[in-house]
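Chemist: Residues per chain, in single letters:
2 protein chains.
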Amino acid sequence: MRVLAFLDGSLADPEAAHLRVDDLGLLRGDGVFETILVAVKKPREMRPHLDRLARSAAMLDLPAPDLDGFARAAQAVVDAWQGGPEIALKLVYTRGVDGDPEGKPTAFAMGLEVDEKVLRARTEGVSAVTMERGFGPELAERAPWLLLGAKTVSYAMNMAALREAARRGAQDVIFTATDDSVLEGPTSTVVLAKERTLYTPPSTVGILPGTTQYALFRGAEKAGWSVKVEPLSVEDLLRGDGVFLTSSVRKVTRVHTLNGTELPDSTALHEELVAAYESEY
Amino acid sequence: MRVLAFLDGSLADPEAAHLRVDDLGLLRGDGVFETILVAVKKPREMRPHLDRLARSAAMLDLPAPDLDGFARAAQAVVDAWQGGPEIALKLVYTRGVDGDPEGKPTAFAMGLEVDEKVLRARTEGVSAVTMERGFGPELAERAPWLLLGAKTVSYAMNMAALREAARRGAQDVIFTATDDSVLEGPTSTVVLAKERTLYTPPSTVGILPGTTQYALFRGAEKAGWSVKVEPLSVEDLLRGDGVFLTSSVRKVTRVHTLNGTELPDSTALHEELVAAYESEY
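Quick mapping for you: the protein sequence lines, in order, are chains A and B.
Numbering follows UniProt numbering, with no gaps: position 1 of the first sequence is 1.
Numbering follows UniProt numbering, with no gaps: position 190 of the second sequence is 190.
Isolated chain A (complex conformation):
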């Protein structure tokens, strides 16, 4: 099922047309979004997601989003939801209609079912492949106009990388920088577990700060883990105790195979980390 709400809290038919064809979100991918997991009617990490939406919007010089309105729309979706126990809740915010003298943004919240494949990957894990992202780890700070680390709706490349992974027989991707350091997945954050420490690369390398990764680190610290934000190499991933991809809808998903190489069995670690993450809610 799908549920659509606007920022005044009103619901609308998600199968009806609501957008003009000249919305800049469509013509130019000129907008930002968030995907929030709602479990048993409770949105997870709502505030960090709203903050990140505002941060992405600022990177695109969009007007500051009405975060109260987004929270209201999100709540309307949750209240009206009659589907499965979880909702993939999308918040979308675009520059609005091309040439609109008022520059009124397009904004809505939409609830969708969590994809079957994502649910299966949570238990079975995934095979991932590394792919070049083509830039150096210092580029993001030097060239903010490239919008590295902004969660824009210009995700054609991210989707193309996932299709390329499928062609290679894998289910997910880990992007690497020109120095071979680890960046992120097309829709996830990379986490390495090694000797009771969790690692993830710093967002300054040009990646999105992960809300789920952050929640996991918080929960894991309480459970006695150390956590470190520092650059990682692909070699590090191969030599660790476990590699995980985190995102709102996939939660903490285990990578069992990387570039065709089976990684050490991290099933027990995975259970422990999922428990640490879930303990936050």
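Note that these hints are calculated values from the structure, not bench results.
Hints may be right or wrong, so weigh each one.
Unchecked claim - Residues of chain A clear of chain B, computed beta-carbon distances all greater than 10 angstroms: (1) Pro63; (2) Thr197; (3) Arg218.
As the list claims (entries may be wrong) - Restricting the straight-line Cα-Cα distance to at most 25 angstroms, the calculated cross-link-like pairs of lysine-lysine (BS3-like) are: (4) B/Lys104 <-> A/Lys117; (5) B/Lys42 <-> B/Lys222; (6) A/Lys222 <-> A/Lys42; (7) A/Lys222 <-> A/Lys194; (8) A/Lys104 <-> B/Lys117.
A virtual CB, placed ideally from N, CA and C, is assigned to each residue, including glycine.
Assemble chain B onto chain A, guided by the hints.
Modeler: Chain B in isolation, oriented as in the chain A frame:
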């Protein structure tokens, strides 16, 4: 004025809603487009634009677009147009609604007025700044999943670069690769004139093959110019006789200032090149 047509040739109200919010063109910037100049009811370079749309679609693994349908929609827009002497005619083709079992793409043609600023730039020229694009000139061939050289609707970065140029007091951008070689503008092709030869970088460096640049080269050759497709440096641009940005709507626009440095006066060259380009129609 705006005119909207679908691939069966039917017209629709461009100010009405026609798209669902879960169109992947909006949620993921997952689609491709073309912008065609229509002058005095005649679309320019229609076939090259349609071919490029098909090429971009193939790079995104989209179903092959119905080019006859797009030509029909384009003609419907042209026939219904009652605005100015020129139309900026957009063809848009997205992956359609997320989760649609039939995978039916979204496709339409829309005519818009040519922007005032673009018209002014045709006569007055523009000040441009170079900006890093962050990748090397050999990346596109090695990493096709980055979609370099595909004309996708994921243009948030291109728009951000133009806003950054405005902050620097310039009107346009010339992207450079990590080796400082010239790539393209966010929505244009770079052409250098030097000693009766026109130069443009090869599309293999990860840029869009320019339909207007190609038409200009064709016309210029007939007028006695030599034309070369080869790598260019920013230094080459500074030392030439004239730098031009070409695109459907801007035609051949003169760059009078690059990175704050006034370029040699290319007004006469510009007139000559515009005449060569116009002689093709």
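Chemist: Does each hint hold? Answer for all of them.
Modeler: Hints, one by one, checked against the model:
1. With a least CB separation of 13 angstroms from chain B, A/Pro63 remains clear of the 10 angstroms interface cut-off, as annotated.
2. Here A/Thr197 stays apart from chain B, with its beta-carbon at least about 31 angstroms from theirs, past the 10 angstroms limit.
3. The claim that A/Arg218 lies off the interface holds: its Cβ sits roughly 29 angstroms from the closest Cβ of chain B, which is beyond the 10 angstroms cut-off.
4. Of the supplied pair hints, the one linking B/Lys104 and A/Lys117 holds, its CA atoms being roughly 21 angstroms apart against a limit of 25 angstroms.
5. Among the hinted pairs, B/Lys42 with B/Lys222 is consistent with the structure: their alpha-carbon atoms are about 22 angstroms apart, no more than 25 angstroms.
6. Between A/Lys222 and A/Lys42 the CA atoms are separated by roughly 22 angstroms; this keeps the pair inside 25 angstroms, and the hint holds.
7. With a C-alpha separation of about 17 angstroms, the suggested pairing of A/Lys222 with A/Lys194 holds against the 25 angstroms cut-off.
8. Straight-line distance between C-alpha atoms of A/Lys104 and B/Lys117 comes to about 21 angstroms, which keeps the hinted pair within the 25 angstroms bound.
Violated hints: none; the structure is consistent with every hint.
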